[in-house]
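S.K.: Here's the letter readout for the chains.
There are 2 protein chains.
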Amino acid sequence: MTGSWATFGADLHLDLSAAVRGGRGLRAALTEALREAARSGRLAPGTRLPSSRTFAADLGIARNTVAEAYGELVAEGWLTARQGSGTRVAERARPRRAAGAVPVRRPARRRGPAYSLVPGSPDLGGFPRAAWLAAARRAVTDAPNDAFGYGVDVRGRVELREALAGYLARARGVYADPDRIVLCSGFSDGLTLIGRMLRARRVREVAVEGYSLDIHRELLTRTGLRTRPLWVDGAGARTPDLGGLGPRTGAVLLTPAHQFPTGAALTPERRTAAVDWARTTGGVILEDDYDGEFRYDRQSVGALQGLDPDRVVYFGTASKSLAPGLRMGWMVVPPDLMEEVLAVKGRVDRSSSALDQLTLAEFIISGAYDRHVRGMRLRYRRRRDQLVAAVAGKVPVSGIAAGLHAVLDLPAGTERALVRAAAWQDLQLEGLVRYRHPDSAMPPREALVVGYGTPSDSTWTPTLAALTAALP
Amino acid sequence: MTGSWATFGADLHLDLSAAVRGGRGLRAALTEALREAARSGRLAPGTRLPSSRTFAADLGIARNTVAEAYGELVAEGWLTARQGSGTRVAERARPRRAAGAVPVRRPARRRGPAYSLVPGSPDLGGFPRAAWLAAARRAVTDAPNDAFGYGVDVRGRVELREALAGYLARARGVYADPDRIVLCSGFSDGLTLIGRMLRARRVREVAVEGYSLDIHRELLTRTGLRTRPLWVDGAGARTPDLGGLGPRTGAVLLTPAHQFPTGAALTPERRTAAVDWARTTGGVILEDDYDGEFRYDRQSVGALQGLDPDRVVYFGTASKSLAPGLRMGWMVVPPDLMEEVLAVKGRVDRSSSALDQLTLAEFIISGAYDRHVRGMRLRYRRRRDQLVAAVAGKVPVSGIAAGLHAVLDLPAGTERALVRAAAWQDLQLEGLVRYRHPDSAMPPREALVVGYGTPSDSTWTPTLAALTAALP
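Chains as they are written, first to last, in our numbering: chain A, 1 to 472; chain B, 1001 to 1472.
Hints are computed from structural coordinates only; laboratory data are not their basis.
Please note: incorrect hints may appear among the correct ones.
Partial selection, computed: residues in chain A whose CB lies under 10 Å from chain B [to be verified]:
1. Leu73
2. Val74
3. Ala90
4. Gly120
5. Val140
6. Asn145
7. Leu219
8. Ala265
9. Arg270
10. Thr272
11. Tyr296
12. Leu304
13. Asp356
14. Ala470
Pair ranges (Cβ atoms, derived) [said to hold, decoys possible]:
15. B:Pro1438 with A:Met442: 52 to 58 Å
16. A:Gly346 with B:Arg1082: 46 to 52 Å
17. A:Ala134 with B:Ser1366: 19 to 25 Å
Computed footprint of chain A on chain B, listed as stretches where at least three residues anywhere in the stretch have a Cβ under 8 Å from a Cβ of chain A [what the hints assert, rightly or not]:
18. 1076-1084
19. 1145-1156
Note that the Cβ used here is the ideal one computed from N, Cα and C, for glycine as well.
Go ahead and model the full structure; you've got the sequences and the hints to work with.
M.R.: Written as C-alpha cells, this is what we have:
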C-alpha cells in the first residue's frame, strides 16, 4: 500500500502518543514510525517530507527531535536530503520481495504421539535442575574474568578437562590426560571434526557397524568419507573382518560397551582384534562410549580406549547422562593425532560456552554428577526389569545389560506392520531396519529397538502397557 | 618397568587399604590396581595370576570380589582366562607408545603483558554475573522438559528467536522474523555456515573490506572461497567498486555500522550501492553488526539489513554486548536463502546449549540486556572521552563515534617500532597493518587500533597512561 505524506501524517500523532505513553523515547518512536512507513511503502519513494521545522510544529515537539530522526534515516539510506530538494523518501528504500521467494517452512507442529519408545534420549524429566543451577551459581560466581573472553585454548577450559580426566579414568577405565582431551558440542560435532581430520590425512573409507545410527554415517559422508559396514552379531561388531577391508579403510567407528542398537558388548577377542588391526595398519579406532555410565549387571565394561590410548579416539558426552540440550561432549585424542585434530579445529574455539564448561566441571567435582548417574541408573534399571517382565514369553529380549534401550526380536515379516499398527495406537516405536547400513550383507533380522529411557516417569506405565498390547 | 606377580602382590595390600579408607569400593580399587599394573607393564604380558580363591585368601577379602574384578578385566581385554591355563595378563594388553609420537604442545603459558589495548574484546570484568544467574535460574526452572532434549528445530529455540526479533527491530532497525533467525555459536560459526552455503551455490569469491579481520578471511578461505579486497576510506568500504569485480564475486562481507578496524560508518550512498549491486547481480551481502549496540553520538546508525532483507544476511552476537565466552550468535537470513542455509546446517542442531538460549531470551525479555548495554555504553563512552583527551595534540584519532576501539594515525615509518617499543614497556598494542588484506592496493596507512574496551576498570587508568607515554 503506497501513500503520500498527507495520508500518513494524520495517524502519526496517535502512534507517537501511544509510544511515549508506553515509555519509549519520542525520537526513537518517530524514527521507527518513519522507517516503517518507508519500508512498507506507506510513504512512497520520492515522497517529500515536510521540513523539520514544519513537522515539529505540526507534532508539537522539538525541532531537534525531528532533525535527528531525519538524520538517522538519511544515514541508514531510508531518506535522502539534498540542498534545494528537501528531505525525501529514498528511491531504493522500498524492499523488493524476491521473485519466487520460498516461504520458510515451519517445522510441522504435529501433535506428537502420546507415547514414545524411540531410543536415543534419556528421561528429560530427570534433569537435575536444582543441582545444575547450584553448580552454575558457584561456577559463574567464582569464574576468573578470562572465562568470559574468547577461549585461548581451542581444547576448551582446563578446569573441565581436568575434572573429566579424573572421572573418565575412574568410571570408564579411560587413559585420559587433560592435555589430550578436546571438548566439543556433542558426538556429532566431535565426529565431524575427526572426519575432517581423517580426510586431511587422505583416509577414504571408515568401517562402521552394520547396524548403526544413520545420522552418524551421514556426518561421515558429509566430510567426504565412504562408510563400509561390518557384520554385527551377539558378540558385537566383527572386528576380525577389518583386515579384509583393504588399505582404503583407515578408521573404524565402534560402540564397544553397548553396541548401538543391538546392545551387545564387544567381546575381549574382538576388542583385541580391533586394536591389532589398528596397530598393524596404522588405522584409527573411534570409540563412541555413548551410554557407558549405565550398566546394570555387576560386570562393568570399561572403555576400549584403555587398551591402546595411542590408537583410539574416545568420544563421550553429557547427552545420555545429563541432557542432550546441554550440547557438551569430549574426546580423548591419541598423542600423535593431537596436532592434526587441533589444526582442523582451527584457531577459534567454537565449542560450548565457557560458563557451561565451568559449571559441568563444578558439577563433576562436587560429586553431583556421580549422584545423578547413580539415581538415574536405579530408575532405568527398574524400567528395564519391568520391560523384561512385561514382554516375557511374548518375544525374546536382548541387549539389556546396559544402556537405555533393549532389542525385542520379532517373527519374520512383522516388524513394519507392527510399528505402523502401534502408531495408530498412539505409540511411537522404531524397528531395527532403519539402523541397517544399506550396503550390509547381513541376513535380515526383524526387531524393535525400545528406548525405555525416553518416557517421563509419569508416562512410563501406560507406555509399557501400550507396548505389550502392540506385541504379537 | 616389567615385573612378575611376586613383586606386585606385596604392594597391593597397602594400595587397597588406602583406597578403602578413602571411601572407594574394594572391588573397584582392586580392578583399577590390576588394570593399571597391566597397562604400565608392572605385570608383564603372560604373567599368570593366582586363582581367585588363593588371591582372596591372601588379601583377606571375599572370593567373589576377586572373581568379579578378574571378570571385568577379561571383558575389557586386559586379562585372558582359559580352561587349564588360568588367568593371565593378556599378551596384547601392553600399550605401545607410537613411534615418534609428537608430544602435545601446551599453549605457551607466557605471562601476558601487564596492559593490553588489543581490540576485539569487551571489558570482561563487566559481565553481569548476578543478573545472568538470575535469568538462568528463572529459565532453567521454567524450562519445558523438551528444552533438555535434542533440539527439534535446527534454527534454535523459538523463545530466543522471538526475543531477538523484537530486540533487533527495536535496537538495530533489523527486519527480523523469528522464523528467519538462525542461532549459531558466534560470528565465526555463522560465517563458516554461510561460506559453505555460498560454496554449495557455486560462489567462488567473496569481496571483503581491505582492512578486516584476518581470522574471518581465513574462515572463508577454509570453506573454499577466495577473498578479494575493497578499498576502505573515511566513508567505509568502497561498495561502488563491487560492480567491477566481475561475476565470480557472489557475496560481500561488510561492517556497515562501524567498519572494523577503521571505525567509519558506511555512508548512505555506499549502502545504496551495496544493495544495488546485490539486486543487480544476485549477490549476497553479509553484514557483520559486531558492535552496533555501542554508539556514542546522538546519531544512531541502524543495520543495512533493513534496506533489503531479501539480499542481506545479518550477523549479530553477544560477544561484544555480553561476553565472547557465551558463544552465542544469531543470523537473520533472507527468505530465499533459508532452505539452503538449513540444508548446510544439517539435521543436527549443533549450536549452543538450549539452556543458555532460554537464559539469554529471559535476559532480553526481562530488560536486563538493555540495562547492561546502557551501563556498559556509559562506561565505554567515558573511556573513549578520556582516550581522546589523552592523545589530543599528539596524534589524530578517528573511528570514535561507536564501538570499543579507535584508530590513532601515526607518522609514516613508525607503526612497527612503536608497537615493539610498547611491548617492552609491558603494553600490548596492535598496528593497523595486521588487518590489511594481502592483495590490497590501498596506499599504506600506519596507525594503532586501540581497543579501549579491553582493560578492566582497575587497569584502565594505568593502561591509558602507558599508551600516552608510548606515543611519539
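S.K.: Indicate, hint by hint, whether the structure satisfies it.
M.R.: Now for the hints, and whether the structure bears them out:
1. Leu73: holds (8 Å)
2. Val74: holds (6 Å)
3. Ala90: holds (7 Å)
4. Gly120: Since the shortest Cβ distance to chain B is 8 Å, the answer is holds.
5. Val140: holds (5 Å)
6. Asn145: Given a least distance of 4 Å, the restraint on Asn145 of chain A holds.
7. Leu219: holds (8 Å)
8. Ala265: OK, holds: Ala265 of chain A within 10 Å of chain B, min 7 Å.
9. Arg270: holds (9 Å)
10. Thr272: holds (5 Å)
11. Tyr296: Result: violated, 14 Å to nearest chain B Cβ.
12. Leu304: holds (8 Å)
13. Asp356: holds (6 Å)
14. Ala470: violated (24 Å)
15. B:Pro1438 with A:Met442: 52 to 58 Å: holds (54 Å)
16. A:Gly346 with B:Arg1082: 46 to 52 Å: holds (49 Å)
17. A:Ala134 with B:Ser1366: 19 to 25 Å: The hinted range 19 to 25 Å holds for Ala134 of chain A and Ser1366 of chain B, with Cβ atoms some 21 Å apart.
18. 1076-1084: Check passed, 4 qualifying residues.
19. 1145-1156: Per the Cβ count (9), the hint holds.
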